[in-house]
Every structure is written in C-alpha cells, then in structure tokens.
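Here's the letter readout for the chains.
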Amino acid sequence: MLRYIVRRLLISIPVLIGVSLIAFLLVQASGDPMAVYNSNPHISAEDLARLEKTYGFDKPVGVQYLYWLRSTLKGDWGQSFLTHQDVLTMIGQRLGNTLILMGTSLVVTLVISLSLGIYTATHQYSFGDYSITGLSFFGYAMPSFWFGLMLIIVFAVKAKELGLPYLPAAGMYAIRGDRTFGQLLLHLVLPVTVLSLSSVAKYTRYLRSSMLEVIQQDYIRTARAKGISERAVLWKHAFRNAIIPLITLIMLDIPFMFSGALITEQVFAWPGMGRMYWEHANWVDYPVLMGVILLVSVMVVLCNLIADISYALIDPRIRVGG
Amino acid sequence: MTSNIKMGRNVSARMEKAPPSVWGLAWRRFLRHRAGVAAAIGFLLIVLVVAAAPGTIIQRDWAYRPNPLIVNTPPSTEHWLGTDEVGRDILSRLIYGGRVSLTVGVLSVVVSLSVGTVLGGVAGYFGGMVDSIIMRFTDIMLSIPGIFLIIALSVFFGPSVPTIVLSIGMLNWMSVARIVRSMFLSLREQEFVTAARAIGARDGRIMWQHILPNAISPLAVAATLSIGSAILTETSVSYLGLGIQPPMPSWGNMLKNAQDVIWSAPWVATFPGLMIFVTTLCINYMGDALRDALDPHMTL
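So the protein lines, in turn, are chains A and B. Our numbering numbers the first residue of the first sequence as 30 and each following residue consecutively. Our numbering numbers the first residue of the second sequence as 38 and each following residue consecutively.
Just chain B, with the same shape it has in the complex (with noise of 0.2 Å):
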C-alpha cells in the first residue's frame, strides 16, 4: 500500500517535470564530446582576446607603427614573440590580425549561406526546369577552380575586405546549395507543407516559415565547419598578395612576407600559421562535436 502511494508521488511528479526538448538533448549530447567542448571553449577564448584586447591591453601603435631599430628581432621579454620584418611586435599584430581574420571567416560563411539557401531552396522547392536551371549554374560555378575565381576578382575589384569576404563567399556557396536543395527536395513532400498549402500560405511563407526552420540542422553544421575553411582560404589569397593589405594585419598578409625572412627570422612565420592553425582545429572539432550532437539518428 505504502509503495504504491510512493509510486503515485513519484509519477505524477515526474509528469509535472517538462519533458527534454530537442535542443536540450542536442545540447546534452554536444557536452559528452569533450574535445568538442574543450575546443569550444579555446574557439571563445581566442574571440574574446581578440574582440577584447586591442584597445584596452593592446596599443593599436604596437601593432602598427613600424621600428626600424627592431626589426626582425627574436622573442623575448619585452616582445613575447618578436618583432616583424618592419618592427612591429608580432603578438599585438596577432591580436588585431585575429579581428580581420576571424571577421572575414564569418562575415563569408554568412554571404555563402545567404546566397546558398535561396538559390538551393527556390530550386529545391519548385524543382522542375528552375531546379535544372539552376544546378547547371551551380555546376558551372563549381567547375572553375576557386583560386583562380579569386584572383580574378581581387584583381578587378582590388584587394579590401569586402572584395575578400565576396570573393570567398562566392567559392563556397555552392556546397550550401546542394545541401539546402536535398533538404527542400525531401521537406516539401511533409504533411505539414500539405497542409500549409491548404489554409492558403503563399510559396514564399512556406518555404521560409515552414520548411527552412526543420533544415536548420545540417545548415548548422555546414556554417561551423565553412567557417574553418574560409579563414584558410583568406590566408591562402593574402599570401599571394590579393587579400588583405598590409598594413592591415591578417594572420594571411603577415606569412607573407615572412616567407622572405625564413633564413634569418622563422618566429616570423611561425606564430601567425600556429594561429591560423589552432583556431580552425578547434572549429573542426566544434563543428564535428555539432554534427554528432544534432544527428537525429543518435540517441542519448
């Protein structure tokens, strides 16, 4: 008798406890990978002192003022990792060079995930000629080779930041495209959409109300992971000269004149590529701890 009126207690209030949402269990789930969390953490690291420091900590002279007398000297106590080839001190040139670069990554991903999602979702929608007509175009764009996509544009429209984020944005839109139109293709055949049709909504409604929301997912996981390759991307074309220009620090622009100085000053080149170098790891293993996490197939 005394076990059952527990179990009623027990029961009902258990039942008054909401039970896990989906983000709840996704965010579960992203906690048990701990290289995910640890890189998440060193990813929020990293924006915080570069969002934060310059300014504050950091003069934005030590970053840009060139030293003669300095130049190319090794790490030390008063310059943690040195100085450059013009003498500026590498660290403060790191941190502003972490704003532009991580800006760059981000400001692309959300070009690439613009332009992506409307083409990818209006030719997964409609499907038909418009989805033919666009997945040639999508093809066509995926035929040229980015690299010499970029140079082409920087050459015309010079190097500055909005060209760099465009010109990236435009290199990986297209991946966003396909995954969008796979989502859509599948999506639009649901009940719901059925019967959103049915009380009248318009296609646009539909496809941004009603279908988009339930492909946020891979989305997510695509956005994160662009993210790391963008950065890459913006260092390979500031080394070759087409990207951010100095003095304007970027972690790509200060490699490349560091490969000028290798004999003589490796510390030059190697802090910016550590940098580069660590901050998309910890995106990969973030994006990748997303991916398992938002997995619908997984369980808890």
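Next comes chain A alone, as it looks inside the complex (with noise of 0.2 Å):
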C-alpha cells in the first residue's frame, strides 16, 4: 500500500512539472506583460528596456522558466506585474473565497445528489423517477452562467420590482453595513445553485444507476432472505457499495469545479480566485496567473491521488488485485 503511494506521488512530480511547462509556455506566449506601461506617459523606451531586462524577458524562454521554477520551489511565487503585490498574498486572499463557495457547493450538491439518488432508485420507474431524471437532462443541458442570470432576473430584478423579499445578487457581503454571517449566507444562495446544478443532474443520475446495479448483485437478495429489514438492506449494504465509485468521482470533479467557479464568480461578481485570476489575464500578469494555475494543478494531482488511495482503502478487492 505504502509503495503504492510514493509509486504514484513520484509520477505526479513530472506531471506536475510538464503542467507547469506547457501553462508556463502558453502564458508567455499569450502577450506581452509590458504592455501594463503601455498608457504611461512617463514610461520611456530606455525604461521599459531596462525593466525587461530587470524581469528577465530579453531571456530565452526556457531560461525564464528554469527561473520561476527554482523560485517557486524556494516558496518565493514573485510579485504581480499589475499590482506589485506579493502573490502568494493576493492568492491568500482570494483562495479563502472560492473555497467557501465551492465547499458550501460540494456539501449541497452532496446532500440533494444523494437523497434524489436513492429515492429514484428505490422507486425506479414511478413518477418521481421520471421526473427527476427529466430534471437531471435539464441541468444537464443548462448554461450556468445563463442560469445565473436567469436566477438573477427572477429572483433579485423582478422581486425587488414586485416589491417582494429579495436575494442579493453581486458580491460577498452587502457594501455598506457589517460583514455577518447571516449576509454571507444570503450571498452565497443564488451563486450555489447556479455552480450546484450540473454536479447535482450528474451525480444523481450516477448513484442512481449504480445502486440500481448493486440492487440486482446476489448479495443483497441473501441480505433479503436472511430478514434484514429492507432500511438496513439498503444503507449498510447496497448504499455503502453503490457510493463507492461515486466517491472517486466527486474526488475528480473537485479541481474541475474551479473553472466553474471561474464563471460564477465572474457572473455574480464573487471576489474569488476565479475572477482573479480572469482579471489578470487579461494584463499577462503572468505570476499571478503561473502562481494559480500551479495551485489549481497540484489539487488536481492531489484529488487524483487521494480518489485512487481512497479507492483501494474502501474495496478491499482493488487491494488483493493490485
């Protein structure tokens, strides 16, 4: 088991590195970060001269990123070339942001996913079943920033017009008055349904088919014939199975959740990473943009890892075979 782990934390460090490589190299070549100075007029030529060879650019590219890389690993991620502000700071900031949105995402998602899923597989074929299945094709099928919107028009536009009680509809917390938990809350309401609504359609319509896979297994059907009680049958035997491979799954969707973060916090104007990240972009402030784009990979390796390790610990069998 042991050997298992560091087997696979060693092929992670060139995954790794080839990410930063390909993101470092797509960076670079996507503009130019003195482009900043451009609309200063105090910037001469001989200054932004100067600055380019400060920053290193008159470098050949594989020579820069062999420097980022040696100053990354030494816990130094460089200054934004649009705020001078110390990286690792700035993502420090945001990261707490957008994990609060997506953790409060996942636990929803979890919560509705799991309890669609065993009802419309307990009762497969009846009207609920359909119809939830039904739903989960809508949500598959739904733009969320559009859904975002539309979540806005209707709950915030018009109910404020109607003169009715009203969600919030930008930001974290209300501009003027205290930052409560209670107004974090509201704030959180209509971005969390927008970015839960394809992970709920998807993982609902997972658990689904596979506890109604593991229903048909013999095992069950002994449980059945032994007496236990159809509750029992079905949480300690066919749940705990059937979530087995939707474990894994939730454990790969985490890093991809981030790019529909991105969306989402750019729609209801969440000061997350995402939007950070898309505001830099622009600017080709490219230590911040290397600086998240390594974080965001490094979870995604992560996640990868711990979905893997995860599976082998809960099936015993993935253990024996190897």
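Check each hint, because a few of them may be wrong.
Not everything, but these chain B residues come out facing chain A in the computed CB check (under 8 Å) [unchecked claim]:
| hint | residue |
| --- | --- |
| 1 | His116 |
| 2 | Ile181 |
| 3 | Leu269 |
| 4 | Ser273 |
| 5 | Ala306 |
| 6 | Gly310 |
| 7 | Thr317 |
| 8 | Leu318 |
| 9 | Asn321 |
Keep in mind the hints are simulated off the structure, nothing from the lab. Backbone N, C-alpha and C define an ideal beta-carbon position, used for all residues, glycine too.
Hints are included, so try docking the two chains, each in its own frame, into the full complex.
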C-alpha cells in the first residue's frame, strides 16, 4: 500500500512539471506583460528596456521557466506585475472566498444528489423517478451562467420590482453594513445554486445507476432472505457499495469545479480566485497566472491521488488485485 | 397435410426476406425512445431554420445593423423577441448566431474526434512505451483546467472562429482518446486482427480498415454528447469575451452584453440562453437514445 502511494507521488512530480511548463509557455505566448505600461506617459523606451532586463524578459523562454521554477520551489512566488503585491498573499486572500463558494456548493450537491439518487433508485419507474431524471437532463443542458442570469432576473430584479423580499445578486457581503454571517449566507444562495446544478444532475444519475446495479446483486438477495429489514439492506449493504465509484468521481471532479467557479464568480461578482485569474489574464500578469495554475494543478494531482487511494482503501478487492 | 404445405410456404417466404441488420436493429431501438425521437426532430428543425432562413426569410441587415432608435425594446409584433442593446432584432440575431454556434460545436467535435482517435488508437494498438507516453501526455493535458487553456489560447491567437474551434477541440480530445484506447486494446486481441496480420496487412491498414469500424458505436455516442458540451463551452468562452466577437452574433456573446442591461431589459438575456438550453437538451436526449440503441447488450 505504502509503495503504491510513493510510486504515485513520484509519478506526479513529472506530471506537475509538465503542466507547469506547458502553462508557462502558453501564458508567455499569450501576450506582452510590459503592455501594462503602454498607457503610462511617464515611461520612456529606455525605461521599458531596463524593466525588461530587470525582469529577465530578454532571456530565452526556457531560461525564464527555470528561473520561475527555482524561485517557486524556494517559496517565492513573485510579485504581480499589475499590482506589485506578493502573489502568495493575493492568492491567500482570494482562495478563502473561492473555497467558501466551492465548499458550500459541494456540501449542498452531496446532500441533494445522495437523497435524490437513493430515492430514484428505490422508486424506479415511478413518477418521481421520471421527473427527477428529466430534471437531471435539464441540469446537464443548462448553460450555467445563463441560469445564473435567469436567477438574477427572477429573484433579484423582478422580486425587487414587485416589492417581494429579494436575494442579493453580487458580491459576498452587502456594500454597506457589517460583514455578518447572515449576509454571507444570503449572498451565497444564488451562486451556490448555479454552481451545484450540473453536479447534482450528474451525481444523481450516477448514483441511481450505481444503486440499481448493486441492488440486483446476489448478496442483496441473500441479505433480504436473511430477514434484514429493507432499510438496513438499503443502507448497510446497497448504499455502501454503490457509493464507492461515486466517491472517486466526486474527488476527480473537485478540481474541475474551479473552472465552473470562474464563470460563476464572474456572473455574481464574487471576489474569488477565478475572478482574480480572469482579471489578470488580460494583462498577462504571469506571476499571478502561474501561481493560480500551479495551485489548481497541484489540487488536481492531489485529488487524483486521494481518489485512487480511497478507492483502494474502501474496496479490499482492489488492494488484493494490485 | 394442408397445414404442412402452408407451413412450407411460410418458411420459404420468411427465408427469402433478409434478416435485420445490426444497423436496422439499432434504428428500431432508437425509434422506441420517444424522447430521443422528439429531440432529434427538434434538433433537425433548429438546424433547418438556422441553415435556410438567413438570406431568404431573414435579411442580414436585421441581425447586423445597429439602430439606435429602437435600443432595448421589449418583444412586440414587429420584433418578436425584442431588440438588443444596439437596436438589432433578437430573433434574426438568434438565427444567424445559431449558424455560428452550431458550426463551432460540430467542427470542434470533429477536431477532438480526429486528434483523440489518432492518439488513442496509436496508444491502444501499439501498447507498451508508446502507450505510456501518450497516456502521460493525456494526463498532463487533463490536469490543466480547461478554462485556463482556452483563455491562454484565445489571448495568444486572438479570438476568432478557427481559434475557438481549435481551443474547444483541444479541450475534449482526451476523453475520446481514452475511449478509443480502451476499445483498441480489447479489439486488437481479436482473431480478425491476427488473420489480417497473417496475410501481411500493415499496421496502419489494420487500424484504419479493421479495428476502427468496430469501435464506432461508443465513439458515435461520445461525439453526439460532445457537440452539446462544445456548444456550452463556446457560450462560456464568448461570455468571457474571448470567443466570437461582435458584430458576428453567437448565442454566447449575445449573453455577454445582456448582463449589463439585465435590470431594464431582461429579455435580451432570456432568449439566447433559452436557445442554447433547448438545443443542448435535444442533443443530450438524442445522445442518450443513441447510446441505448447502439448498446450491444440490449435485446430488442
């Protein structure tokens, strides 16, 4: 077991290096970071050249990458070209906000999809099953930011016009007033709904088919023949076995929620990492961009590893098989 | 006696009719899915309108020329879906934009299918070191969150239709490669491959002529579902401003400017998204019915 983990970790390192190299090349190629200074009349051509030399832009790309790699590994993630703040500090400020959004929507997703999945599996072919399956198709097909815009129209615009209590449509807290937990919850409602929708659709369907497969197994029939109550059969045997592949699916999905969060943060003006990336991408502020990409890639690799390990831990058959 | 003769006649009549082919069976199974058939009809209708209406019923002017006098008017008899923030008719723009969005969706799936099939096929057929290298590369590309990749590509090449098609294609080829690889891995052990090798067929010919046609079914399903997700991705990218640039309409960039006027003119945002939603829904239902129809384990 330990050897497996160590081997996977060792393989992850070249993967991470490969990711950072490709990302570095892409970011470098996407534009000129010195464009930040183009609109500044006080900077002359000599100043620009001097700045380029200081930042090392006149060196070949490979050398620049090695410089970046060396300082990143030492813990110095550089300073933003745009705001001249320390990149690690900037990420630290915004990461928490993104995690709040993603964490809440993950919890909501799990609660809803687990309950819906079990319900549709046990009440197969019922009206509830068909309508929930139909709704999950809807969830798949829905463009997330359009859904966000529609929610804003209904719950913020129209509700305000009609004088009903309305939900806030932007930001984490109200502009005026205290930053209370209640404010946070209110502001979370709409973005979390948008972010969770497609995940709920996917996991509900997956859990449904997984549970249906498990329920047909022989050991369920044995358990029922032994006289165990239906509820115990469901929870102790069927659910536990059905949820194994779902756990790995969720683990693998977590990094991709970052992409979804980027759009959602844009729609709802949420001060998170996705929005920060977007704001700095146009200015090719590559310390910030590389920092974010590296962080997300590390998360991807880690989540893959945790998914594989948890799969091996939960299902003893995997361990024996190698 | 007479009954035997009758049976004899029936038997020979039945034997003269050809047995149902694999595709015939699949077609019949597809038709049993009412939702899938309805979705397919809906999708074909959309494609028909989007392909035929521009130039004939809908003038190009209506979708492209701004008219500051009628900015942000709600739906009326003259403009069935209202006008947008520079005074263009939304319905016309939806139809012209449909051309762009659907083309981008289909073309990017072609790109990801080509790249994925080649890489996955080579990896699955040759195995060993080649397989490891290609799979490592696929893992690396999967580790980069898609949005970042698209942003970088769009900022580098400049936003345009070919860039978008390439970017979205580059995003989706990984899952195609995985599917193709696993199919090739299992199919290359079959006897017809050994037979082909025995009579001297080269590797390329074996892959293209013999193995690939057997791998088509899961590919077809994946391709159909990919079109839906490609359209959704195009809309997200255009929403960020990196995709199709105005004045060329696409369902995504129509939504981009709609957010600014959402408080005063909510219809500008409603209809493009509705089109995206309905189209993707039809594609998903079609893909689902297709998957059930082509499933070799299901009996009729």
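Here is how each hint holds up against the structure:
A cut of 8 Å between beta carbons decides the hint on B/His116: the least distance to chain A is about 19 Å, and the hint is violated. Checking B/Ile181 against chain A by beta carbon gives a least distance of about 6 Å; that is within 8 Å, so the hint holds. Because the closest C-beta pair between B/Leu269 and chain A is about 5 Å apart, less than 8 Å, the hint holds. This hint holds: B/Ser273 has a C-beta 6 Å from the nearest C-beta of chain A, less than the 8 Å allowed.
Given hint, B/Ala306 at the interface with chain A, holds; its Cβ is 5 Å from that chain's nearest Cβ, closer than 8 Å. The restraint placing B/Gly310 at the interface with chain A holds, with a minimum CB-CB distance near 3 Å, inside the 8 Å limit. At its closest, the beta carbon of B/Thr317 sits 4 Å from a beta carbon of chain A; the interface hint therefore holds under the 8 Å criterion. Nearest Cβ of chain A to the Cβ of B/Leu318: about 4 Å, under the 8 Å cut. The hint holds.
A hinted interface residue such as B/Asn321 counts as satisfied when its beta carbon comes closer than 8 Å to some beta carbon of chain A; here the least separation is about 5 Å, so the hint holds.
Hint 1 alone, counting from the list given before, is not met by this structure.
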